[in-house]
Each structure stands twice: as structure tokens, then as C-alpha cells.
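Following the hints, complete the assembly by docking chain G onto the known chain F.
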Amino acid sequence: MELTAATTVRKPVAEVFAFWRDLRNLPAFMGHLEEVRTTGERTSHWVADAPFGKNVEWDAEITEEVSAEKIAWRSTGDADVPNGGTVLFVPAPDGESTEVHVGLVYDIPGGAIGKAVARYFGEEPHQQLDDDLRRFKQVLETGEVVRSDGAPWGKRARKEFPQRPAQPLSDAEWEKGPDA
Amino acid sequence: MRANTWAGRNKVEVRDVPDPKILNSRDAIVRITSTAICGSDLHLVDGYVPTMQDGDVLGHEFMGEVVEVGSGVAADRLSVGDRVVVPFPIACGACAACAAELYSCCENTNPNAGIAEKMFGHPVAGIFGYSHLTGGYAGGQAQYARVPFADVGPLKIESDLTDEQVLFLSDILPTGYMGADMCDIQPSDVVAVWGAGPVGQFAMDSARVLGAAKVIAIDKEPYRLRMAERAGHVPVNFEEVDVRSRLLELTGGRGPDKCIDAVGLEATHGSAHISAYDRVKQAVKSETDRPHALRQAIMSCRSGGVVSVIGVYGGLVDKFPAGAWMNRSLTLRTGQCHVQRYMKPLLERIERGELDPTRIITHTLSLEEAERGFEMFKNKQDDCEKVVLKP
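So the sequence lines, in the order shown, correspond to chains F and G.
The opening position of the first sequence corresponds to residue 33 in our numbering, with each subsequent residue numbered one higher.
The opening position of the second sequence corresponds to residue 48 in our numbering, with each subsequent residue numbered one higher.
It should be emphasised that the hints constitute simulated quantities derived from the structure, not laboratory data.
Keep in mind the model is a prediction, meaning the values are calculated, not measured.
Accuracy of the hints is not assured; some may be wrong.
Rough simulated footprint, nothing fancy, chain F against chain G, three-plus residues with beta-carbon under 8 Å [to be verified]:
no., segment
1, 68-78
2, 99-110
3, 143-156
4, 182-195
We put the beta carbon where it would ideally sit given N, CA and C, even for glycine.
Okay, chain F solo, but in the shape it has when bound (with noise of 0.2 Å):
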């Protein structure tokens, strides 16, 4: 599976450029990513929530960077699915923003896993690339991700839907979080 997005961040190409590079802030946006540790100079280990109910880890490693212009990566060893995505940054025409083209690629195995990863995913895939990079550009303009009181956990709003009402959490759901 191929998913590709693209989001546009009113920040200088060097600074989307190094938030991005420091791939342990890939989880504040992205939906599915628990952890990502960075274990060496191009290699890392990443932890994601699976839909089965336990951690899916695999180890990656960058494949090609260019200073400010595109970050590459894949999964190696023997990753349950194996992926890799492509990250190119563009100077936009206003001259102080930064263009950002995502393009992601799951190598979806069959049996069980593949199974739950397509319903993890659903019908509308890229919806969720789409909503990381809605993300992505909150937390680099705003500094962190925008909460309601309808989506009250952040990058979890999407799972969310339709969402609790639009009325203040109490105490007892403030306690529990996101997962109860």
C-alpha cells in the first residue's frame, strides 16, 4: 500500500527539516506511533499501537538524506510489515513556508496480520497520513496539538468519531485518559 499527503508549514525549510530529522517527534503527530528511539547516526527503533492490542517494534534505518531537501527510510531485519517512506521539503512560493510531501509504503503481508492491519487502516487510508500531517503542522506553528472538548486526546481525535459531546470531560474521564 502506497499513501502520499502533503501539508504546507509556515516555517523555514531548516527548521521542518530538523524536527522532522529528530525521528523521536515523529510520535507526537502520527497517529499510530507510540516510540521512535533513535539507536545510531542513521538507525532507529520504533514502537506503534497495533490493532491487535499489542506493540507492533521494528528497527529502521535512513537511506538517504539531503540537508533541508528529503529524508528516506525503511524498515530492516524482519519487520512484521515491512515499510519505508520518502519526505521531501520545498521551499513554498510565499517565500517563508515550507512545502512538505510525504509518501509512505506498506509492504502488507496476508494472513492475520495483513487482515488487521487493512481494517486498522480502513477504508479511507490516506485519511490518516492526511490527519499526521494536519498534526504535524500544528505542533511545528502552535507548538504542540490542538485539543476540543469533543477530541479531547489529540492525535487520537480520528479514532474518536462520532465523537463524546462537546462539553467539558469530568474528573472520572479526565482520570481514565484516552484509552478507557
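Here is chain G on its own, set in the frame of chain F:
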């Protein structure tokens, strides 16, 4: 706290809901001292806006006192104890739309942007108490409200103006003003305003302040037309006269130079069969909006004129007079109001006495009486023009 909530189509209910909490670092919590019922709240209650949920706190016109601020709000921008009016569109102040002062199109404040995008092509800003399509934010017909990006939107009121004088800076005064502002009014202009509700009244006052030679008010409610007439505008009752003929009479056959639609998607029409046509199409969902006022404004406007739309539309309209619009070089301008752009200059006009927003208030009720307020406003009982609620 107590809050007025959506309880299904044609039903609002004041209930106990939890007090708001800080969810983002740039939030503030405001203790509300005055709030109001807006005509656009009626669109929600009448069931014309999708993605409402039972329990949604309503209200997007409110002001009060800051009682808590998040860690990301700089003290020189907003502090506990400040008296503020809160603009209805939630805007981040940092994106390209905000940089262009298009605050109601803010690119970052709608957590449900993906849903809004499906409906509108591109997403729109978050709005308080205005469906999940605009973010699912609890509204301000309540004792307290959480205000995101509190360092961007809220306007501090440091003079001793009353709540009633400044409350409408939250929405309807800037909305009416933007309707006139988009008309690029010249001293020779005759401006016609469809709808003499609160926004229409303020569009008329704004057209006058911006120098229009004559301002015409079009409605069917005698009390609303009388209110416009008392403010110096020329009333036209569409149930009593043919609007087009009357407008030609009032403009020496030219038609109004600038036309403002302050009605929107639930328009009624003097012609029963056209009204019925749209009502039926709306009922079977093959048209979501009834655009009589917009059609008539386009047909009435003089060639080369401007039609400015501030009445709310939500979806699709039928029989849009594209031929008149195109062949007669009309300019169509519109937008949910970019309130933050207008708050300060309008506050100054209020301070100078050029605009008196209090003139439209007909009812002041307690928050507990919100349901009665909605009833009166919707059914135009007791000459109801504008209801202010006191939590």
C-alpha cells in the same frame, strides 16, 4: 456548572455539566458574565447543521473574567482577573490564514478538520459551541468556558463600558460590519440589507458609519423593520410590497449599489410556491439551504455592484442565478467573520459613540431561562430581537 446544551432537534436543555479544564497550554478558563443567543444557534437547533450531539454545550457569543490561564499564555498578554470578550472563531495566530487576517479559516484550530474538509473542500477554523464539524468545542452559554489560544483571540476590556456595550464584539457586530466592509462603500452608494435580525441591524449601522448615502432594510417582521427605521434606515416589508419594484423606486431605477445577505440558509419568501419548492428540496435533502435572500440580492443589485453574504450557509443551494451574476459583472464576497480583525477598531467606534450595540437588545434572561429565550427568538414572540443570558 450549568450550561445550555443541544438535546436533539428543536430542543435545548440547561443541565449540569463538568467544569472546563485546561487542555492545551495556551488555554484560559473564563467565568462568563454575559452570553447571547445567536441566529446561527437556531440553525443548529433547527437541525440544519450536521454533526451535533446530544449534550453539546451551545453558544459562541460570550464574555467574562479570566479565572485561570495555561502555562503557555504570557502574562503580558492575558492574566487572571482580566475582563475579556471572546471572538467566536478560534484562531491560532500563526498559520498562513491567520497571518492574512482570515481568522475564521484558521488552519490549526479544528481537530475535526478531516470532516470539515469533506463538507467544504478545505477545513475551517474551530468555533465555540457550533457542531463537531467546527471542532467539537463546548460553547459559552454556560457559567464557564475553556478558551483555546487565549493569547490570540480574547479582547481585553479596560474601560468601564457595560457588558451589553461590548458583548456583541464576539460575533454579530463584527459580522455585520464585515458585511458592509466587503461592499467597499462609496459616499454615493445605496446599500440594501436582507434581514433585519441582529446581524442585519449591525450591517445597516455599519454601512451608515462607512458613509453610505442610503441604507435599506428588507424583512417581513414589522417590529424588526421599525427597529431599523428608528436607527435611520429605510424599511421594506417583503410581505407587503414587491421587493424589486420597491428597490427600483428607492434607487431611481438603478438598483442598490451594494446588497448584503444577512439571512442565510433558512430564508422565508414572500412567494409561497418558491418557498415551498425549497422547503421540500431541503426536506428530502436534495438541497440543504434555502437561498431566497441570496437569489433576490443578486437579481436586485445594480450591474457592477457587490453582493456581500454574511448570512450562514451550510451546504448546497439550488437555482443559483449564475447568469445574472456573470453577465452583469457582479462581485460576490463572503465569509464567516474574521472577528479578531475587527474587534479593536469596533471597540474604538463604540467608545466614540459611533455605534450603539445595545439598541438591539430586547430581552435579558438568566441562563436557566435559555430554553424560553430560544423559543421567543425562534418564533419572534414578544418582539424578540436579541436575547442576552446572564449565567
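A quick look at each hint next to the structure:
1. 68-78: As far as the segment 68-78 of chain G goes, the hint holds, because 5 residues have Cβ atoms under 8 Å from chain F.
2. 99-110: holds (count 5)
3. 143-156: As far as the segment 143-156 of chain G goes, the hint holds, because 5 residues have Cβ atoms under 8 Å from chain F.
4. 182-195: This one holds; 7 residues, not fewer than the three required, reach chain F with a Cβ under 8 Å.
Checked against the numbered hints given earlier, this structure breaks none of them.
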